[in-house]
Amino acid sequence: MTATSPTVPSGFTSPAVRRQRAANAATTQLIANAAIAFAVFLGGFVIFEPAPYEVFLAALLGVWLLCGMRIPREVAPLLFLFTLFNFGGIISSFQIEEYTRGLIYVAVSYFLALTSVFFAIVIKQEMGRLRLIFRAYVVAAVITSTLGIIGYFNVGGFEIFTRYNRAMGAFQDPNVFAPFLVAPVLYLIYGVVNRSPTLMPVRAGALVILLLGLFLAFSRAAWGLAVVSGGLFYLLLIVNEQKARVRLKYIVIGVAGVVAIVMLLLVALQFDEVSKLFAERAKAVQDYDGGQEGRFARHLLGFELALTKPLGIGPLEFGYIFAEDTHNNWVKALMDYGWLGFVCWLTIMVWTLAGGFKLLFRQRPWLPYVQIAYVVFFGHVLIGNVIDTDHWRHFYLLIGVIWGCMALETRWQQQRRDHAAGPAVAARPAAIPATRQAAAPNPAAAGRSSLLET
Numbered sequence: 423m424t425a426t427s428p429t430v431p432s433g434f435t436s437p438a439v440r441r442q443r444a445a446n447a448a449t450t451q452l453i454a455n456a457a458i459a460f461a462v463f464l465g466g467f468v469i470f471e472p473a474p475y476e477v478f479l480a481a482l483l484g485v486w487l488l489c490g491m492r493i494p495r496e497v498a499p500l501l502f503l504f505t506l507f508n509f510g511g512i513i514s515s516f517q518i519e520e521y522t523r524g525l526i527y528v529a530v531s532y533f534l535a536l537t538s539v540f541f542a543i544v545i546k547q548e549m550g551r552l553r554l555i556f557r558a559y560v561v562a563a564v565i566t567s568t569l570g571i572i573g574y575f576n577v578g579g580f581e582i583f584t585r586y587n588r589a590m591g592a593f594q595d596p597n598v599f600a601p602f603l604v605a606p607v608l609y610l611i612y613g614v615v616n617r618s619p620t621l622m623p624v625r626a627g628a629l630v631i632l633l634l635g636l637f638l639a640f641s642r643a644a645w646g647l648a649v650v651s652g653g654l655f656y657l658l659l660i661v662n663e664q665k666a667r668v669r670l671k672y673i674v675i676g677v678a679g680v681v682a683i684v685m686l687l688l689v690a691l692q693f694d695e696v697s698k699l700f701a702e703r704a705k706a707v708q709d710y711d712g713g714q715e716g717r718f719a720r721h722l723l724g725f726e727l728a729l730t731k732p733l734g735i736g737p738l739e740f741g742y743i744f745a746e747d748t749h750n751n752w753v754k755a756l757m758d759y760g761w762l763g764f765v766c767w768l769t770i771m772v773w774t775l776a777g778g779f780k781l782l783f784r785q786r787p788w789l790p791y792v793q794i795a796y797v798v799f800f801g802h803v804l805i806g807n808v809i810d811t812d813h814w815r816h817f818y819l820l821i822g823v824i825w826g827c828m829a830l831e832t833r834w835q836q837q838r839r840d841h842a843a844g845p846a847v848a849a850r851p852a853a854i855p856a857t858r859q860a861a862a863p864n865p866a867a868a869g870r871s872s873l874l875e876t
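Using the numbering used here, the letters of the sequence shown correspond one by one to residues 423 to 876.
Heads up, some of the hints might be wrong.
Claimed, not checked - In silico lysine to aspartate or glutamate, EDC-like type, Cα no more than 20 Å apart, as pairs:
#1 Lys731 <-> Glu519
#2 Lys731 <-> Glu496
#3 Lys546 <-> Glu520
#4 Lys780 <-> Glu496
#5 Lys780 <-> Glu831
#6 Lys780 <-> Glu663
#7 Lys546 <-> Asp812
What the hints assert, rightly or not - Pair by pair, the computed Cβ-Cβ distance ranges are:
#8 Phe533 <-> Thr769: 17 to 27 Å
#9 Val439 <-> Arg523: 49 to 59 Å
#10 Ala690 <-> Ala480: 36 to 46 Å
#11 Gln836 <-> Ile453: 23 to 33 Å
#12 Gln442 <-> Gly490: 13 to 23 Å
#13 Ile675 <-> Phe516: 30 to 40 Å
#14 Ala444 <-> Gln836: 42 to 52 Å
#15 Val680 <-> Gly578: 27 to 37 Å
#16 Val668 <-> Ile582: 43 to 53 Å
#17 Gly741 <-> Thr449: 45 to 55 Å
#18 His841 <-> Leu488: 31 to 41 Å
What the hints contain is simulated information worked out from the structure, not anything from laboratory work.
No residue lacks a Cβ here, since even glycine has one placed at the ideal position from N, Cα and C.
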């Protein structure tokens, strides 16, 4: 008799190989998450253009595409609408002689649009990245706010982080710097009222830095954004809380927080320079807003001009004609991207608001993240009536977070349906007895994800 070696089953993988593959996958995941966090972090430092944010994210997008990034069907409409929107910008660019200037502007617009699609995709791939994104966002906000505060108080060498006696951090404009801080402010507030008191001093300290930077930017739009977003977020916290004791805690902390902010404001106003600039900036309507040649009059002129210019007048051309930018996203869409761009922009805004609103009252692991992103995005839509936000990097991050959570919700609902259908499917005779079905995910278990530990 001849001895025969044991037959290795087809598809068999040794434990050592499986362990190595698992280790490689874990390393890849770690590198990917670190890259995403670093990209978000760079969003707080855009004082020069092209900023490191653009360079790094462009490379990151390229790597993700080479690694086989797929566009989920839940995110595909966002990509399609942004592509169509910027196609309108390309058409509009050829309405001016120096069309290359317009094409460059549209290229930047499309890149920023792609970042929102990218963030939506990576969030859908792994919902734990939400916490990573917000933590990186907070770190960037604290550092850039600190730079703005130091610069405001004329510490040697840091004047670059101010403009017109207003803090602007590592940004080019105080009116962009200050709105950037609002989402991290809400995230820290959520941590203060809902997380372990162990880190409360750290969160409270970071919160003070952000609020001071927000105040010293003297941006009316940002102040309004903070009030509206903060009020809505806190209202959502109270409405979604089922325990009366916790609701009472929210109310008490909220009142105490408002009192503390008012007291800090009163202290700050004791400084003559701060008081004077605050009195000037706190006016609802500035001299350059009203009048026949003011901001609001230009809005009306823009809408009237759009009636005769369905293809637009060319990116940035409005500023050359009227000596001032549009300072209105709707007028800007009509002027720079034509009727096609306007319809696409309107659709994106409405779709994001409507789709995100459905998630605000559903108990999911990602609830606090989508609530913060939603109310701040809603605030940006409002201030978009008086300021251009279409090239604000963090604006597209907010859109990406909302669409990523919308995609997570779709997957959650599908898993719920599959889980509910599991017993019925198992009860039916299988067409092929050898086929074994994978166990359906349990949404209830997913709800206990550590993602809630923000």
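Tested hints:
{"no.": "1", "hint": "Lys731 <-> Glu519", "result": "holds, 16 Å"}
{"no.": "2", "hint": "Lys731 <-> Glu496", "result": "violated, 34 Å"}
{"no.": "3", "hint": "Lys546 <-> Glu520", "result": "violated, 41 Å"}
{"no.": "4", "hint": "Lys780 <-> Glu496", "result": "holds, 15 Å"}
{"no.": "5", "hint": "Lys780 <-> Glu831", "result": "holds, 10 Å"}
{"no.": "6", "hint": "Lys780 <-> Glu663", "result": "holds, 17 Å"}
{"no.": "7", "hint": "Lys546 <-> Asp812", "result": "violated, 24 Å"}
{"no.": "8", "hint": "Phe533 <-> Thr769: 17 to 27 Å", "result": "holds, 20 Å"}
{"no.": "9", "hint": "Val439 <-> Arg523: 49 to 59 Å", "result": "holds, 56 Å"}
{"no.": "10", "hint": "Ala690 <-> Ala480: 36 to 46 Å", "result": "holds, 40 Å"}
{"no.": "11", "hint": "Gln836 <-> Ile453: 23 to 33 Å", "result": "holds, 29 Å"}
{"no.": "12", "hint": "Gln442 <-> Gly490: 13 to 23 Å", "result": "holds, 21 Å"}
{"no.": "13", "hint": "Ile675 <-> Phe516: 30 to 40 Å", "result": "violated, 56 Å"}
{"no.": "14", "hint": "Ala444 <-> Gln836: 42 to 52 Å", "result": "violated, 26 Å"}
{"no.": "15", "hint": "Val680 <-> Gly578: 27 to 37 Å", "result": "holds, 36 Å"}
{"no.": "16", "hint": "Val668 <-> Ile582: 43 to 53 Å", "result": "holds, 45 Å"}
{"no.": "17", "hint": "Gly741 <-> Thr449: 45 to 55 Å", "result": "holds, 49 Å"}
{"no.": "18", "hint": "His841 <-> Leu488: 31 to 41 Å", "result": "holds, 35 Å"}
The structure is inconsistent with the numbered hints 2, 3, 7, 13, 14, although it conforms to all the rest.
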